[in-house]
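If you read the protein sequences in the order shown, they are chains A and B.
First residue of the first sequence: 1, per this note's numbering; consecutive thereafter.
First residue of the second sequence: 1, per this note's numbering; consecutive thereafter.
In case anyone wonders, no lab produced these hints; they're calculated from the structure.
Honestly, I wouldn't trust all of these hints.
Using 30 Å as the maximum straight-line C-alpha spacing, the simulated DSS-like pairs for lysine-lysine come out as follows [claimed, not checked]:
| id | chain 1 | residue 1 | chain 2 | residue 2 |
| --- | --- | --- | --- | --- |
| 1 | A | K555 | B | K92 |
| 2 | A | K600 | B | K145 |
| 3 | B | K92 | A | K454 |
| 4 | A | K266 | A | K239 |
| 5 | A | K433 | A | K82 |
| 6 | A | K555 | A | K486 |
| 7 | A | K124 | A | K239 |
| 8 | A | K454 | A | K486 |
| 9 | A | K266 | A | K140 |
| 10 | B | K315 | A | K266 |
| 11 | B | K56 | B | K145 |
| 12 | B | K92 | A | K486 |
| 13 | B | K315 | B | K56 |
| 14 | A | K600 | A | K617 |
| 15 | A | K183 | A | K165 |
| 16 | A | K362 | A | K140 |
| 17 | A | K648 | A | K140 |
| 18 | A | K239 | A | K82 |
| 19 | B | K360 | A | K266 |
| 20 | B | K315 | A | K555 |
| 21 | A | K454 | A | K362 |
| 22 | A | K82 | A | K617 |
| 23 | A | K398 | A | K362 |
| 24 | A | K600 | B | K360 |
Which residues of chain B face chain A? A partial, calculated answer using Cβ under 7 Å [as the list claims (entries may be wrong)]:
| id | residue |
| --- | --- |
| 25 | S81 |
| 26 | S88 |
| 27 | E181 |
| 28 | A342 |
| 29 | A343 |
C-beta atoms are modelled at their ideal positions from N, C-alpha and C, and glycine is treated no differently.
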Amino acid sequence: MYKTRQHVIRCAAMLLLAAQVMTASAQLSLDSIQALDEVTITSRQPSLTMATSQTLQGEELQALSNTSVADALKYFAGVQIKDYGGLGGLKTVNVRSLGAQHVGIYVDGIRITNAQNGTVDLGKFSLSTMENVSLYNANKLDHCQSASEYASGATVYLRTRRPTKDSLSVQLRRASFTTYMAKANVQFERKGWSGFIDGEWTDSRGDYPFRYHSEYEDTVGHRANSDIRYGRIEGALFKGGFASHIYYYDSERGCPGGIVRRLSDKYVNVGREWDRDFFVQASYQAQFMHHHHVKVNAKYTNEYLRYCTDYPENHNTARVDNHYYQQDGYGALCYAYTPWSWLSLSASYDVRYSKLAADLKKFDDVFRLDQKQVVAAQANWQGLQVAASLLHQHYRDKTFAHVGAADPLDRWTPAISGAYTLGGLTFRTWYKKIFRAPTLNDLYYTQVGNRNLKPEYTKQFNLGLEYHLDTPHWNVSAQADAYQNKIENRIVCLPLKGTYTWTMMNYGYTFCRGLNATAQGRYHTDDWQFSLLTSLTWQRDVNRTDPDDEDTYDKPICYSPTLSSGVTAIVGWHNLQLSTAYLYVGERMWSYADPEDILKPYHNIDMKLTYSHLMGKTHWSLCLEVCDLLDEQYEHIPRYPMPGRNYKLTLSFGL
Amino acid sequence: MKKFILLLLCSIATSLHAQERIILLNEGNWQADNGKISYFEDGEIVSNQWFRDINKRKLGDTPNDIIQINSNLIAITVNWSNIIQFISPDGKRIAETEDVPNNRKLATDGRYVYVTSYGHECGTIHGYEMFTRGYVAKIDVQTFKVVATCEVGYEPEGIAYYNGHLFIANTGGYAFQEDHEYETTVSIIDAETMQLVRNVDTGQINLYGKLSQSGQYLCINSPGDYYDIPAATVIFDCEGALHGDDDCFVVLEYASTYNCTMLDGNFIAIGSRFSYYTNEYTFNYVVIDPHEVMLTDGGGGVDESLPGTMLEDLKALGMPYGVYVNPYTGYMYATDAGSFAAAGALVQWSPEGTFLGRHKVYINPAHFLALPPDGVDFAGIEQVTDKDKPTSTDEVYDLRGVRIAPAEGFYIQDGKKIYKH
Numbered sequence: 001m002y003k004t005r006q007h008v009i010r011c012a013a014m015l016l017l018a019a020q021v022m023t024a025s026a027q028l029s030l031d032s033i034q035a036l037d038e039v040t041i042t043s044r045q046p047s048l049t050m051a052t053s054q055t056l057q058g059e060e061l062q063a064l065s066n067t068s069v070a071d072a073l074k075y076f077a078g079v080q081i082k083d084y085g086g087l088g089g090l091k092t093v094n095v096r097s098l099g100a101q102h103v104g105i106y107v108d109g110i111r112i113t114n115a116q117n118g119t120v121d122l123g124k125f126s127l128s129t130m131e132n133v134s135l136y137n138a139n140k141l142d143h144c145q146s147a148s149e150y151a152s153g154a155t156v157y158l159r160t161r162r163p164t165k166d167s168l169s170v171q172l173r174r175a176s177f178t179t180y181m182a183k184a185n186v187q188f189e190r191k192g193w194s195g196f197i198d199g200e201w202t203d204s205r206g207d208y209p210f211r212y213h214s215e216y217e218d219t220v221g222h223r224a225n226s227d228i229r230y231g232r233i234e235g236a237l238f239k240g241g242f243a244s245h246i247y248y249y250d251s252e253r254g255c256p257g258g259i260v261r262r263l264s265d266k267y268v269n270v271g272r273e274w275d276r277d278f279f280v281q282a283s284y285q286a287q288f289m290h291h292h293h294v295k296v297n298a299k300y301t302n303e304y305l306r307y308c309t310d311y312p313e314n315h316n317t318a319r320v321d322n323h324y325y326q327q328d329g330y331g332a333l334c335y336a337y338t339p340w341s342w343l344s345l346s347a348s349y350d351v352r353y354s355k356l357a358a359d360l361k362k363f364d365d366v367f368r369l370d371q372k373q374v375v376a377a378q379a380n381w382q383g384l385q386v387a388a389s390l391l392h393q394h395y396r397d398k399t400f401a402h403v404g405a406a407d408p409l410d411r412w413t414p415a416i417s418g419a420y421t422l423g424g425l426t427f428r429t430w431y432k433k434i435f436r437a438p439t440l441n442d443l444y445y446t447q448v449g450n451r452n453l454k455p456e457y458t459k460q461f462n463l464g465l466e467y468h469l470d471t472p473h474w475n476v477s478a479q480a481d482a483y484q485n486k487i488e489n490r491i492v493c494l495p496l497k498g499t500y501t502w503t504m505m506n507y508g509y510t511f512c513r514g515l516n517a518t519a520q521g522r523y524h525t526d527d528w529q530f531s532l533l534t535s536l537t538w539q540r541d542v543n544r545t546d547p548d549d550e551d552t553y554d555k556p557i558c559y560s561p562t563l564s565s566g567v568t569a570i571v572g573w574h575n576l577q578l579s580t581a582y583l584y585v586g587e588r589m590w591s592y593a594d595p596e597d598i599l600k601p602y603h604n605i606d607m608k609l610t611y612s613h614l615m616g617k618t619h620w621s622l623c624l625e626v627c628d629l630l631d632e633q634y635e636h637i638p639r640y641p642m643p644g645r646n647y648k649l650t651l652s653f654g655l
Numbered sequence: 001m002k003k004f005i006l007l008l009l010c011s012i013a014t015s016l017h018a019q020e021r022i023i024l025l026n027e028g029n030w031q032a033d034n035g036k037i038s039y040f041e042d043g044e045i046v047s048n049q050w051f052r053d054i055n056k057r058k059l060g061d062t063p064n065d066i067i068q069i070n071s072n073l074i075a076i077t078v079n080w081s082n083i084i085q086f087i088s089p090d091g092k093r094i095a096e097t098e099d100v101p102n103n104r105k106l107a108t109d110g111r112y113v114y115v116t117s118y119g120h121e122c123g124t125i126h127g128y129e130m131f132t133r134g135y136v137a138k139i140d141v142q143t144f145k146v147v148a149t150c151e152v153g154y155e156p157e158g159i160a161y162y163n164g165h166l167f168i169a170n171t172g173g174y175a176f177q178e179d180h181e182y183e184t185t186v187s188i189i190d191a192e193t194m195q196l197v198r199n200v201d202t203g204q205i206n207l208y209g210k211l212s213q214s215g216q217y218l219c220i221n222s223p224g225d226y227y228d229i230p231a232a233t234v235i236f237d238c239e240g241a242l243h244g245d246d247d248c249f250v251v252l253e254y255a256s257t258y259n260c261t262m263l264d265g266n267f268i269a270i271g272s273r274f275s276y277y278t279n280e281y282t283f284n285y286v287v288i289d290p291h292e293v294m295l296t297d298g299g300g301g302v303d304e305s306l307p308g309t310m311l312e313d314l315k316a317l318g319m320p321y322g323v324y325v326n327p328y329t330g331y332m333y334a335t336d337a338g339s340f341a342a343a344g345a346l347v348q349w350s351p352e353g354t355f356l357g358r359h360k361v362y363i364n365p366a367h368f369l370a371l372p373p374d375g376v377d378f379a380g381i382e383q384v385t386d387k388d389k390p391t392s393t394d395e396v397y398d399l400r401g402v403r404i405a406p407a408e409g410f411y412i413q414d415g416k417k418i419y420k421h
């Protein structure tokens with residue numbers, strides 16, 4: 001890490017000129033001021049080009065029209081977003097068709113977990129405290145990583161911003177569909193300590209209009225029961241190798257359901273959901289005697305979820321009122337030894353203890369002890385880089401539920417990467433085998449769980465190249481990766497033969513081949529700054545489950561587009577900044593039953609215009625966003641319409 | 001001349017009588033609004049979106065039951081759309097109502113259609129009515145309005161009409177989520193007054209799924225709770241129940257998840273008994289002779305062999321999802337839901353159990369209705385002549401379920417619709 005920082009400083013020096021040039025215009029923008037420090041990390045360390053990764057940071061991250069992490073990730077190549085629509089709709093990411101549960105989300109290197117169902121709702125995480133958002137296919141390949149960072153098929157890193165000066169900023173927003181947002185951020189820096197407190201409150205009715213128009217219907221309406229109210233407050237404290245973070249999120253939302261044929265608006269979904277998520281985490285890392293590096297992580301998570309349809313006005317569906325409680329304690333110890341500058345060896349031990357409680361019938365508390373160990377080696381010698389790791393995972397469950405606990409799970413999985421860099425060009429290849437353990441829901445959930453489930457394996461193979469060119473005015477990079485994935489023993493919920501019950505089962509084999517490419521260019525002059533970011537995904541992933549089933553075998557996986565692409569252009573001139581993001585997602589089928597069962601391709605254009613002004617020590621800025629400029633009606637899940645064109649007006653003050 | 005020959009050929013083609021005519025409801029995926037009707041005629045699927053083709057609109061979400069009421073009218077419960085859709089036998093929509101939300105299964109006497117509902121409210125000609133538990137609604141098919149209701153147990157499912165009475169299997173199916181237990185009763189209602197006559201406690205929980213009727217006997221499935229209580233089948237004697245007999249039912253240790261009445265009056269049942277503790281199943285494919293079962297108190301009357309190759313063919317299905325016997329012709333059918341994301345299949349056998357074909361339909365094909373072959377009168381109506389004239393005047397009812405003296409025309413006797421001329 002020490003070496004890393006030195007390198008960053010060197011890069012910073014190289015870009016100092018460019019940064020200074022930008023300062024004149026950048027200082028006027030509140031967003032840019034916060035982002036300024038991150039502009040330095042535009043060129044990547046050689047060792048990091050070994051991993052396939054994409055990063056959005058600083059101005060570019062802020063320039064995209066986004067309110068949550070999911071909105072930023074959709075611009076990455078190889079990412080598919082599942083979104084049930086609206087501010088409150090569940091948002092998950094799927095990378096290279098591995099499935100959402102194979103994507104690990106990490107805040108400052110510590111994984112966000114959900115022992116219950118294994119997926120993280122990205123709508124709960126704000127970008128305003130983030131310095132950057134990165135997606136790594138397979139491993140990140142730091143010198144000193146915890147074992148759990150090796151334990152997912154793809155990893156998303158959210159890196160919290162470390163303040164470098166005192167500041168206060170306030171944002172107020174009014175957006176379409178009766179949406180109000182207020183946000184405040186306080187940052188400080190004293191004697192090497194730095195930190196922030198960030199709070200947000202949002203209230204949205206979310207009653208956006210939608211239309212289904214086809215040969216068989218012309219349905220127009222407003223989304224009902226799609227409101228959300230949430231508050232989020234978080235803080236962080238840093239000093240040197242110490243980082244800590246505390247987070248609390250509280251929300252209430254309506255669960256709107258699919259748009260189905262109805263004769264009137266008499267019957268609407270009444271289900272509501274409450275979430276309360278809390279975590280506190282800390283990590284400390286230090287280097288001693290030049291060759292030794294130690295990192296310690298600790299985290300406690302407490303999550304509460306309530307789902308309720310038990311209302312007097314609910315006269316026609318089941319009246320449910322369920323509460324789920326999850327707690328999770330986590331600790332990790334990592335040690336890296338660098339005998340020579342070109343070689344690094346590391347080992348890590350992670351332990352996590354989870355508890356799930358719920359007031360479901362025939363259910364009782366479930367406990368899980370999850371231990372992971374990894375040994376890893378990395379070498380970087382004259383442009384040739386090699387990394388290898390071997391991960392061991394052990395899961396043991398305990399439950400008072402009458403079905404009994406699953407057998408302990410004990411598995412070893414490897415990953416290996418290699419790269420060669422010549423000039424600005426890097427060739428790389430990697431292979432990773434990893435599994436996801438069945439979640440507590442998969443195993444124990446009443447009337448669904450199956451404690452005989454086997455882990456779901458993924459095997460990924462990747463070949464890629466990456467190119468960088470940095471000049472004082474220009475900064476260009478491009479990368480392309482071809483990949484092949486296999487997923488075995490998919491964990492899915494299927495009905496049992498000859499009964500009315502559904503249960504979790506290992507069923508399915510997926511074979512996927514694809515190409516991810518990104519290209520980025522940035523150009524600065526005294527008055528102007530331009531950025532162009534592009535991404536392209538071509539993918540053919542097919543179902544290889546049952547060779548005898550001609551309707552499904554070798555047919556594309558549902559919800560997976562063959563082609564998707566994104567282009568983001570940012571233009572800055574003095575106090576003004578205009579960004580335009582274009583996203584295309586090709587046709588996806590959602591069932592094999594009928595060629596008509598497809599989700600139509602869509603084009604999304606988002607635009608954002610920001611005007612910033614500096615008055616004495618006060619910054620203020622006004623930002624107008626238009627999302628889905630073409631007002632395209634599209635959906636990620638059939639019959640869950642996404643909002644069409646909508647507007648956001650944001651006023652910001654900063655000190 | 002050529003034109004004339006062509007016309008002649010066309011008229012010959014159209015005058016060829018269709019014998020096998022099956023309407024099949026594909027449930028689709030929940031909340032995806034893709035319930036579809038397949039129409040099958042003489043060995044071929046005519047359309048897998050029959051309702052859309054004819055009416056240029058979608059059927060709705062999760063169709064759950066279908067019944068023919070008279071020669072011009074069919075009712076379909078479209079559960080998650082909260083719609084009861086009325087169509088003509090040629091598929092044209094006639095009317096629809098949303099007065100009975102969370103509608104489940106249907107029965108009819110030819111004049112009224114009776115529908116069970118898991119819901120707690122019902123729009124009637126007297127305004128909205130509220131219920132603590134579930135209810136049965138009586139819909140007048142001349143106005144398509146609910147004229148009367150009767151509260152029964154929680155989450156009432158299967159329903160049959162026999163001898164002026166309705167027999168309703170209560171499930172209590174929301175017991176897993178709600179604050180009540182599974183139901184174990186069959187509710188008996190006087191169809192004319194819509195008053196509860198009594199509840200018969202079968203001792204078996206969760207009387208869920210389609211029930212089949214063969215004269216005075218019902219075949220009712222109990223899936224159990226999938227933990228401690230295994231699945232069972234209740235053979236229920238409506239006649240005995242009406243006489244107040246305590247032993248008007250027999251419990252069999254078989255599952256009848258999917259069941260249907262065969263031409264000879266026996267029930268065919270496919271099911272499995274499953275436990276979450278062991279994650280193990282026992283499948284059964286049986287033919288049940290209800291009369292024999294009642295006589296022997298369950299000691300006999302169950303045959304584990306099926307006609308022809310049907311048993312082997314059924315075992316080969318990926319995911320059996322329905323079974324049906326055409327009451328007019330005896331041809332037998334089953335559906336295979338396959339992988340649930342792909343199209344399901346309709347499988348056909350001759351009355352002797354000879355495999356005839358497998359046809360691609362849509363997602364989750366589940367509920368059947370046979371239309372009468374061309375030239376045959378509507379479903380279930382037997383034509384009798386004077387020599388079959390009922391002897392006892394006590395047991396004859398008009399199509400509304402009102403006791404009458406036997407006369408010319410339509411009436412009901414022994415649970416059968418009869419046309420006397």
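Going through the hints against the structure:
no. : hint              : verdict
1   : A:K555 <-> B:K92  : violated (35 Å)
2   : A:K600 <-> B:K145 : violated (40 Å)
3   : B:K92 <-> A:K454  : violated (50 Å)
4   : A:K266 <-> A:K239 : violated (58 Å)
5   : A:K433 <-> A:K82  : holds (25 Å)
6   : A:K555 <-> A:K486 : holds (15 Å)
7   : A:K124 <-> A:K239 : holds (26 Å)
8   : A:K454 <-> A:K486 : holds (16 Å)
9   : A:K266 <-> A:K140 : violated (52 Å)
10  : B:K315 <-> A:K266 : violated (44 Å)
11  : B:K56 <-> B:K145  : holds (25 Å)
12  : B:K92 <-> A:K486  : violated (48 Å)
13  : B:K315 <-> B:K56  : violated (38 Å)
14  : A:K600 <-> A:K617 : violated (50 Å)
15  : A:K183 <-> A:K165 : holds (19 Å)
16  : A:K362 <-> A:K140 : violated (41 Å)
17  : A:K648 <-> A:K140 : violated (35 Å)
18  : A:K239 <-> A:K82  : violated (37 Å)
19  : B:K360 <-> A:K266 : violated (36 Å)
20  : B:K315 <-> A:K555 : holds (26 Å)
21  : A:K454 <-> A:K362 : holds (23 Å)
22  : A:K82 <-> A:K617  : violated (43 Å)
23  : A:K398 <-> A:K362 : holds (15 Å)
24  : A:K600 <-> B:K360 : holds (24 Å)
25  : S81               : holds (5 Å)
26  : S88               : violated (19 Å)
27  : E181              : violated (10 Å)
28  : A342              : holds (4 Å)
29  : A343              : holds (4 Å)
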